[in-house]
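Residue numbers (the numbering used here), protein chains in the order written: chain A, 1 to 365; chain B, 1001 to 1512.
Calculated from the structure, these hints are not laboratory results.
Since this is a predicted model, take the numbers as computed values, not measurements.
C-beta atoms are modelled at their ideal positions from N, C-alpha and C, and glycine is treated no differently.
Among the hints, erroneous ones may be present.
Stated by the list, open to error - Computed spacing ranges between beta-carbons, pair by pair:
no. : chain 1 : residue 1 : chain 2 : residue 2 : range
1   : B       : Tyr1293   : A       : Ile157    : 25 to 35 angstroms
2   : B       : Gln1234   : A       : Ile336    : 49 to 59 angstroms
3   : B       : Thr1407   : A       : Ile157    : 42 to 52 angstroms
4   : A       : Gly139    : B       : Thr1031   : 37 to 47 angstroms
5   : A       : Ile157    : B       : Lys1488   : 24 to 34 angstroms
6   : B       : Leu1351   : A       : Asp329    : 32 to 42 angstroms
7   : B       : Tyr1429   : A       : Phe301    : 40 to 50 angstroms
8   : B       : Pro1180   : A       : Ser214    : 48 to 58 angstroms
9   : B       : Trp1297   : A       : Lys210    : 39 to 49 angstroms
10  : B       : Ile1155   : A       : Leu315    : 39 to 49 angstroms
11  : A       : Phe123    : B       : Val1385   : 50 to 60 angstroms
12  : A       : Phe332    : B       : Lys1488   : 51 to 61 angstroms
Stated by the list, open to error - Computed footprint of chain B on chain A; a stretch qualifies when at least three of its residues, placed anywhere within it, have a C-beta under 8 angstroms from a C-beta of chain B:
no. : stretch
13  : 9–22
14  : 105–116
Stated by the list, open to error - Simulated coverage check for chain B against chain A, where a stretch passes if three residues somewhere in it have a Cβ under 8 angstroms from a Cβ of chain A:
no. : stretch
15  : 1430–1440
16  : 1444–1455
17  : 1466–1480
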Amino acid sequence: MTFPEKTSLRPSMYLVLIFTAIIGYDMLSNPLVSVKALGNSGYFAPLAAAVPVIAIIIAMFALQKRFPGKSGVQCASLIIGNVPAVIINLLLIIFWRVFAALSARNIMTLVSTQMLLKTPLWFFSTIGYLGIMYLAYHGIESISRFVAFTFIPATIIIIIVFCAAFPYIDIRQLLPVLDFSVTDLIKGAFSMSYLYFPLILLFLITPYTKKLPSARRFTMAALALSVLVFLIQNIGAIGIFGTSGLNRYTWPTLEFAHVINIRYIALEQIGVVLLTVWLVLTFGAAAFNYWGTALALSQLFPKISYKMAVLILALPTGLVLLLPQNIIDTRFYLLIFERWGVLAFFGHPLILWLIAVIRRQGKES
Amino acid sequence: MGFRSRGGMTPIGPDPVGNAANVAKALGRATDLVIRKIPGDDCVRGDAAADARDGSSSVRAVVLFLEGLADEEAIRRHIITPLLADAAAAIAHFSAANELSALKSSTHETLETLIDALLEGQVLLFADGCHTGLAFVMPGWSLRPISEPPSEKAIRGPREGFTETLRENIAMVRRWVRDPELRVTKMQIGTRTHTDVAIMYLGDVANPDIVTEVRKRLAAIKIDAILEAGYLEQLITDSRTTLFPLTQATERSDKVTSAILEGRVAIIVDKSASAIIVPTTVNELYQSPEDHYYDFWLGTLLRVIRLIGNNLAIALPGLYIALAAVNSELLPTQLALNIAASRLGVPFPILLEVLLVELTIEIFREAGLRLPSTVAQTLGVVAGVVLGFAAVQISIVSNATLIVSVTTAVASFSGPNFQVGISWRWLKYFMILGGAFMGLFGIVAVGCFIVAHMATLQSFGVSYLAPWAPLQPDALVDAPLRQPLWLKFRRHSTWRTKNRRRMGDTRGEDNP
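I would like the entire structure built from these sequences, with the hints used as guidance.
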């Protein structure tokens, strides 16, 4: 006996979902990338990367306005025809799933090194992924509830931990401010843009609201909040370790949380609190990504139901997750995906929107 | 039966003795069926010969009831005595003026409906020459006095718990809510028990979709017997496999009233001292009406303490194992050393040790419920203190494990609902296994599984995680804090009520 809930995806849920998707992807190692691009001023990189992303968000909502009730995947076949749409969407789904699986592997390696050195990686990876599949299987309502439940405490704890590290910052490590050329800034923005790849999920969740302007505002707010968190985190990491010091660590954010020393607190290492809280966000983000790829697959091939798509994706995801031998392998593959991802995750919606505008397809406002 | 049957229903004949015989036959000559024959005037005069001569019955009326279910004194005073004094007048009065009479009665034309009434405890009257039967409501079964529910005690508030009588329970709620909008609809469930079930809600507040859904689910139940409200809970729940209670059971009349006033629906079952409240959320399970009897500060403190208690009841043993055995590097050095020192000499791995203590406590708890109250406390102290002390002395368990397990056991009672405590106890074992096999990651993974599962649940269309998920700011101010009463202008959006207004702007002197 079921009695469907009437609450749909409220605009405010866009804030929660998008923020979790972005933060739950890579929060612990991004200062490594930012200092490589902009040195001591690396904390500007996430901000610079966010600026072009605004255009992508606007394009995705504009696409939704032109084709109300259709997801990005469904729009594609209306804009460029069935066959090309199937090809590019299929490529996107494969790219997206492999990328998500490698990111998950990255996180599982982190768990292994920080918490479970002796436990076989496949064991806890399988447990974790089963949980993610379970949540994804129950659809966006369940995912949004999970994320909403964890969002407030997790965000508060993360910001508190980052702020608690501020007394340990050596201000000289952050100077000189704005010490980069425009070319460096563009390169930095490009290399950090991978942080915002999860925004591709907007491609699929925009049909879940009728209040598009409101949802767009909340999405922008999610982006702003993510940038704020990345900014605080990068300032903390660079301020504590400096550019050269940062390169010694695989997980610099975790390391900077480790320097926090609060006497008489129950746990010896605050870093673990941060990791624990972030893992919860990661769980929600991974389930959200899984939902996105499964839904895209089921929309691309209507004969495959959503739940069937969740099950179909399980084995390839598991294989990709366990394929890399170590963190060096994982990061190597991730780097390739991060470079090409700009085209896949941002280029795809942008090009579709541009074609729709040029051809005057869909509803014109 | 010797009567014409119309569509499976047996019409009542003019002969009261024959009707009584049919009833007795239908009940299998039940020995608790009492049949009182009211003799006719001839019979009273002793003119049996005249009676035999004209072939008429010498019995003017027959009264039937089931022993123990009807009030025999009332029957004698209000039915038998008037009938004996003047049978014709009394029957005329009962039949024609029963609506004006102080006696609550109903007229039936078929034997089956009369038998149903008899089984409910009503008194039947067959009159000579009448093709109808009368049923009088004269309950006489023994009632339990109203008392405070032992599992939901409160320091402040009414000491009034439900009893096993439906009409009394309904009356208790009616006494709180003197509003014509309080709707009570009854139905019978159970092909053999015909258990009365009442649905109560505020007509102008409760969401009509939820009310309809409650009715629909109750009407869909096909079962032979409903012995307790728990039967219904299991049959109307949104998920039959979940560990979490998706309906809220309570014995407190103030809790039911409070829920009705919030716009929720109460289901009260005859012969059950528990009422069911739907929909429910996990947020409701650590709240008590008592929170509102105190001021904001105390109410908030109580809620926060219960919330901490619930979390400890679920996670403490698992966290202890994770930190003591798997991720001991996370503990402050001195604490880690102290725990290790206390475990010196314990021959079991920590998982087994914790499970041993937990299992022992579970047995004590279960046995304690059934121990005679006079020895329960003494035996509890002896079992708890002496056994615990002895177990530590001979190094079967460590002091640290004992502290953790006892704290967990006490914390599991911090919630106002026993049923929820059992769910937490189940989850505790998942946490223990997670902590033992995967340390802190295991705790996080099991925690995520639990929240993920809760995120998939709903109770009558309401998210089980509301108001946290979906975020409902108006209701969030009341969870886990207790919103000041003078700020509760509106009903929470969680219940999707028709009318959200609760009170006017009740300003105090300090907020003019």
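These are the hints, each one checked on the structure:
Checked against the hint of 25 to 35 angstroms, the C-beta distance between Tyr1293/B and Ile157/A comes to roughly 34 angstroms, which is consistent with it. At roughly 54 angstroms, the beta-carbon separation of Gln1234/B and Ile336/A lies within the given 49 to 59 angstroms, and the hint holds. Our hint of 42 to 52 angstroms for Thr1407/B and Ile157/A is violated, since their Cβ atoms are close to 24 angstroms apart. Checking the proposed 37 to 47 angstroms range against Gly139/A and Thr1031/B shows it is violated: the Cβ atoms sit about 60 angstroms from each other.
Distance hint check: the CB atoms of Ile157/A and Lys1488/B are about 30 angstroms apart, consistent with the given range 24 to 34 angstroms. Separation of Leu1351/B from Asp329/A is about 34 angstroms and conforms to the stated range, judged on CB atoms against 32 to 42 angstroms. Separation of Tyr1429/B from Phe301/A is about 42 angstroms and conforms to the stated range, judged on CB atoms against 40 to 50 angstroms. For the hinted restraint 48 to 58 angstroms between Pro1180/B and Ser214/A, the CB-CB distance of approximately 41 angstroms leaves it violated.
Checked against the given bound of 39 to 49 angstroms, the beta carbons of Trp1297/B and Lys210/A, roughly 42 angstroms apart, stay inside it. Distance hint for Ile1155/B and Leu315/A: a CB-CB separation of about 57 angstroms, inconsistent with the stated range 39 to 49 angstroms. Taking the beta carbon of each, Phe123/A and Val1385/B are about 41 angstroms apart, not inside 50 to 60 angstroms as hinted. A beta carbon spacing of about 58 angstroms between Phe332/A and Lys1488/B agrees with the range 51 to 61 angstroms that was offered as a hint.
Closer than 8 angstroms: that is the beta-carbon criterion, and the stretch 9–22 of chain A has 4 residues meeting it against chain B, so the requirement of 3 holds. For a cut-off of 8 angstroms, the count of residues in the stretch 105–116 of chain A with a CB near a CB of chain B stands at 3, and the three-residue condition holds. Chain A is given as covering the stretch 1430–1440 of chain B, and this holds because 4 residues of the stretch bring a CB closer than 8 angstroms to a CB of that chain, at least three being needed. With a threshold of 8 angstroms between beta carbons, the proposed coverage of the stretch 1444–1455 of chain B by chain A holds, since 10 of its residues qualify and at least three are required.
By the rule of at least three residues with a Cβ nearer than 8 angstroms to a Cβ of chain A, the coverage given for the stretch 1466–1480 of chain B holds, with 4 such residues.
Violated hints for the displayed structure, listed by number in ascending order: 3, 4, 8, 10, 11.
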